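Same order as they appear, the protein sequences are chains A and B. Note that the working numbering numbers the first sequence so that position 166 is 166, with each residue one more than the last. To convert, count from 1 in the second sequence and add 342; that's the working numbering.
Each hint should be verified, as a subset may be incorrect.
What the hints assert, rightly or not - Listing some non-contacts, in silico: residues in chain B with all C-beta distances to chain A over 12 Å:
(1) Ala602
(2) Leu617
(3) Lys724
To be verified - One side of the interface only, derived from the structure: several residues of chain B facing chain A at Cβ under 7 Å:
(4) Gly462
(5) Asn586
(6) Thr743
As the list claims (entries may be wrong) - Dumping the calculated DSS-like pairs for lysine-lysine here, alpha-carbon to alpha-carbon at most 30 Å:
(7) B/Lys511 / A/Lys271
(8) A/Lys167 / B/Lys521
(9) B/Lys698 / B/Lys758
(10) B/Lys521 / B/Lys681
(11) A/Lys167 / B/Lys481
(12) B/Lys474 / B/Lys624
(13) B/Lys511 / B/Lys377
(14) B/Lys681 / B/Lys601
(15) B/Lys377 / A/Lys167
(16) B/Lys511 / B/Lys466
(17) B/Lys572 / B/Lys424
(18) A/Lys167 / B/Lys601
(19) B/Lys572 / B/Lys377
(20) A/Lys271 / B/Lys572
(21) B/Lys503 / B/Lys637
(22) B/Lys424 / B/Lys503
(23) B/Lys511 / B/Lys601
(24) B/Lys572 / B/Lys474
Read the hints as simulated data drawn from the structure, not as lab findings. As the structure is a computational prediction, the values presented were derived from the model and not from experiment. All C-beta atoms in this analysis are idealised placements derived from N, C-alpha and C, irrespective of residue type, glycine included.
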Amino acid sequence: MAIHERDPGMVEGGGQRRGSSPPDGRSGVRASDPTRLASWLSLERKQRLAGWAFLTPAILYVLFAFALPIIYNIVLSFEQTSPATIADITAPFAGLANYRFILHDPTSIAAIVHTFEFTGGSLVGQFIIGFSLALLFSLRFPGRTFARSLVIVPWLLPLIVTGVIFKFLFQLQGGAVDQLLVNIGLVHHPIDWLDNPHLALWTILIANIWLGVPFFTLLLFSALQDVPLDVKEAALMDGAGAWQRLRLVIVPIILPVIEVTVLLGFVFTVKVFDLVIGLTGGGPANSTQLITTWSYNLSFQQFSFGEGAALNNLLLLLAVICAPIYLMLNRGSLGRSSGVER
Amino acid sequence: MHLLQTRGHRWLGALAAASLVVVGMSQVATSAATKITLTEEDYFNTPGQIQALKQYTQQFEKTHPGVTVTRTYVPFANLDTKLLTQAAGHDLPNLLAVDNPFVPTMISTGQMVPLNNFKGFSTKGYYPAVIKEGLSNGKYYAYPVAGANSIALMYNIPMLKAAHVSPPKTWAQLISAAKALTTSTHYGIALTCEAAEDTTWQWEPFFWTNGGNFASIASAPGVQALSLWKTLVDDGSASKACLNWSQTPSATGQFLAGKAAMMVNGPWNFPTLNLQHWYYGKQFGIVPVPVRLPKQHVIVPLGGEDWEISNSGGSAAERMAFQYIQGLQAPAAELKLAKLFGYLPAKIAVAQTYLKQAGPEWSVYIHQTLYAHPRTLGLGVKYPKISQAVWTAIQAALSGTQSVKSALSTAQSQIKSILSS
Chain A
1 MAIHERDPGM VEGGGQRRGS SPPDGRSGVR ASDPTRLASW LSLERKQRLA
51 GWAFLTPAIL YVLFAFALPI IYNIVLSFEQ TSPATIADIT APFAGLANYR
101 FILHDPTSIA AIVHTFEFTG GSLVGQFIIG FSLALLFSLR FPGRTFARSL
151 VIVPWLLPLI VTGVIFKFLF QLQGGAVDQL LVNIGLVHHP IDWLDNPHLA
201 LWTILIANIW LGVPFFTLLL FSALQDVPLD VKEAALMDGA GAWQRLRLVI
251 VPIILPVIEV TVLLGFVFTV KVFDLVIGLT GGGPANSTQL ITTWSYNLSF
301 QQFSFGEGAA LNNLLLLLAV ICAPIYLMLN RGSLGRSSGV ER
Chain B
343 MHLLQTRGHR WLGALAAASL VVVGMSQVAT SAATKITLTE EDYFNTPGQI
393 QALKQYTQQF EKTHPGVTVT RTYVPFANLD TKLLTQAAGH DLPNLLAVDN
443 PFVPTMISTG QMVPLNNFKG FSTKGYYPAV IKEGLSNGKY YAYPVAGANS
493 IALMYNIPML KAAHVSPPKT WAQLISAAKA LTTSTHYGIA LTCEAAEDTT
543 WQWEPFFWTN GGNFASIASA PGVQALSLWK TLVDDGSASK ACLNWSQTPS
593 ATGQFLAGKA AMMVNGPWNF PTLNLQHWYY GKQFGIVPVP VRLPKQHVIV
643 PLGGEDWEIS NSGGSAAERM AFQYIQGLQA PAAELKLAKL FGYLPAKIAV
693 AQTYLKQAGP EWSVYIHQTL YAHPRTLGLG VKYPKISQAV WTAIQAALSG
743 TQSVKSALST AQSQIKSILS S
């Protein structure tokens, strides 16, 4: 914009606000040099308009791609839907019937419980292994870089591929894990990893931990790199042992990163879908149904879109709870970590 | 006339050619000037299926100047969802070929055109169960695509010979045969018990033949039929890994790899088996699904796809779409399509002709189709939900989460609430 160049003081947003203390139209009338002030205001207005013009596509995109599906999903969960109503914009109002169904359907309840078990188990496993690896990679040893890049591999694989690989590893007939366990004599009979309703969720948990470790390792490793050397050295000089240094110095410093990592890990895990579909499809006997897989099943296998939407809204609720926490932690972590560095 | 050049049956070809010419001429008369593009969606993906549809389309376009037929392939797992999404936007293809349990669901969208509306539509000569797949409120909405299919017991001849076992006819024989056929390297039978429709479909012949009815699934016929499967798994004659096996390719794969001596499966496996040099009468044999009592008639579920016409394209396109599928109902076209699809022609007389030219491996399938049961009959759009309750009960019982009785009781109460909703 050419107008900008004439008045370099205007370019900065902060200066602009300070400069136009009475921002309403009246000030223009009172001013000694009306023409100049008018151009001032119109400039400000123009800029604001330009700002909105630049923002509009993004706002439209957000409305279209995020808000619309969410709102539609909420509307859907209060409707009595079926393929017969699919072509109409609205279906008969169902009240709370879909939510009542979810609360009384044993499989839906089990899916909710499984989702929390699965997410909790994944986070604990991923954090312990990921943090251990991050600490390991902070040490200097030959082949460190190679090993570090190797850890990232699971992250690069599409989830459905991971599902297929783990299916090969854990299948009852000819599965690599069972063959190994039997050959080294740890077990006498092959374990039915994926075919036993009490074990299947654990098996998927193992696969998901394997998948999530790179994320934890990478983030925690880079946080560990940021721990100032002088603080560590000071602790060493004060005679702190390895465990004390970790617990009292390193963890408090990287705590903000840990919080954000765990929160993001939660969000990633709570919506796992492909892995379960690839490994068990929710079976045997629904013992591995999660909120995601069961709501997909309700919507697209049984064509009860309203019930599927109602269950899915639980995930939405979780996201609504998590988003502000994330923002809070993120802001806090910036403040705290900058405080530490000073 | 590419399609009609099958050796023998020249009279059939001539008849079909004549009827096609008549159809073609009437078409030219009605809409000579208009250009019509028909869109079509299906999930057919074997080389034979693709070739069959391509050849027919080329021939159809030649006899119907100005008409273009555009086919879109959608994978099996996605087609139903895609069609429903398209129905939501009133944007369905002119022609759709769907798996038969899904036909009532598509009809319920209200966007399917009854075929009774069109001149030339006839239900004459079809296996009743096949043509009734598209029956809703007294109107027919569907023609079979390439006929029908069903399942029967396939067995590995050398393995049965080695174990001195003859193909089982009853459940008791099945249990003892499967036990005798189980060795350290292979199981007696490969079942399909994954969390999907093919599990219910595999169990239905045992259940229905024994007099079962979904509404009272927890009574004797159901308990007996599920106990049979449970016995096979508990005996170690069937691998518990079946809880994650699909019918095709998992169970077929076990059978072909020599890891299972028997399986319940369908004729679409013939091309695959032949490709691996497995031939009927030498490597594999086929008998009907065993029955509990010798006097019982085997009732198999009916498989196959159906054509439906949507109302998205207007009446001219609807009429043209009907001509497209009507042309495929000519005996010669049916024979050719059935052969390339690995299916059984949907008309009884054509199926008899087919048996003569197609070989003895079809015999069991052809005869039992007379007693085949459409899965959605009387259940309509509720079938997918019921099927889910059934396969869940099967999985619960076989995995040991619940006893056979309590698993079926759970299913029965679910089915009752589905039926009453």
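- Could you check the structure against the hints above and give me the numbers of any it violates, in ascending order? Structure breaks hints 1, 3, 4, 7, 9, 10, 11, 12, 13, 15, 16, 17, 19, 20, 22, 24.
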